[in-house]
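For reference, the chains in residue letters:
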Amino acid sequence: DSGVTQTPKHLITATGQRVTLRCSPRSGDLSVYWYQQSLDQGLQFLIQYYNGEERAKGNILERFSAQQFPDLHSELNLSSLELGDSALYFCASTPTSGGDNEQFFGPGTRLTVL
Amino acid sequence: QKEVEQDPGPLSVPEGAIVSLNCTYSNSAFQYFMWYRQYSRKGPELLMYTYSSGNKEDGRFTAQVDKSSKYISLFIRDSQPSDSATYLCASRPQAGTALIFGKGTTLSVSS
Chain G
353 DSGVTQTPKH LITATGQRVT LRCSPRSGDL SVYWYQQSLD QGLQFLIQYY NGEERAKGNI
413 LERFSAQQFP DLHSELNLSS LELGDSALYF CASTPTSGGD NEQFFGPGTR LTVL
Chain R
3 QKEVEQDPGP LSVPEGAIVS LNCTYSNSAF QYFMWYRQYS RKGPELLMYT YSSGNKEDGR
63 FTAQVDKSSK YISLFIRDSQ PSDSATYLCA SRPQAGTALI FGKGTTLSVS S
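As given, the protein sequences belong to chains G and R, one line each in that order.
Mapping of the first sequence onto this note's numbering: residues 353 to 466, in sequence order.
Mapping of the second sequence onto this note's numbering: residues 3 to 113, in sequence order.
If we strip away everything but chain G, and leave its shape as in the complex, we get (with noise of 0.2 Å):
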């Protein structure tokens, strides 16, 4: 168990929707990263935050996105599904934003869009 938790586990929608995926970090850590792993793409970095402001983005499509509240957990916002959305979605924390530390994952969020 790495202390990340993600919120739900599964969810099944329909294209057009709108979802809301969460994360709580591990105690103390203050940075949250949001990856999205896909068969075709594999594990894809999408946006990063520290200490509620967002740090570093990646390939994080305009529909989506997220934030991160005082308490430090994190919420990825996903709008207009696609069918191509579907996907596994993790977040990952660590102590700091800069430093060399270990990116500690989560079980995922497994997103199914029908």
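Keep in mind that a hint or two might mislead.
[Claimed, not checked] With a cut-off of at most 25 Å between alpha-carbon atoms, the simulated SDA-like pairs for lysine to any residue come out as follows:
1) R:Lys-44 with G:Asn-429
2) R:Lys-4 with G:Gln-396
3) R:Lys-44 with G:Gln-396
Because the hints were derived from the structure by calculation, they are not lab data.
Take the given structure of chain G and dock chain R to it, following the hints.
For chain R alone, coordinates are given in the frame of chain G:
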């Protein structure tokens, strides 16, 4: 071309075999190299970490980085059925930045 390329396999070996998993990368700025292991329906977990070139050993696992050829390897000695998982190589140019992953190699070790 993806920045980190990895043969997806699958790779099947008998118990006790030596396994070699490999990745190549294209970005010369990459300095940090990791191997993650991902069991089915679980999140990735860090297995090995190497900074710059060289070898690192941890029990049955050895990670090797050759920056001149941009080649990353993971060797597993005396492989066990519990090693059956997907192995992901990852890299990044600077500490604290996001990881760039290969697609992962699925390994199956049969008893």
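Do the hints match the structure? See the list:
no., hint, in the structure
1, R:Lys-44 with G:Asn-429, "holds (22 Å)"
2, R:Lys-4 with G:Gln-396, "holds (11 Å)"
3, R:Lys-44 with G:Gln-396, "holds (16 Å)"
Hint compliance for this structure: every hint is met.
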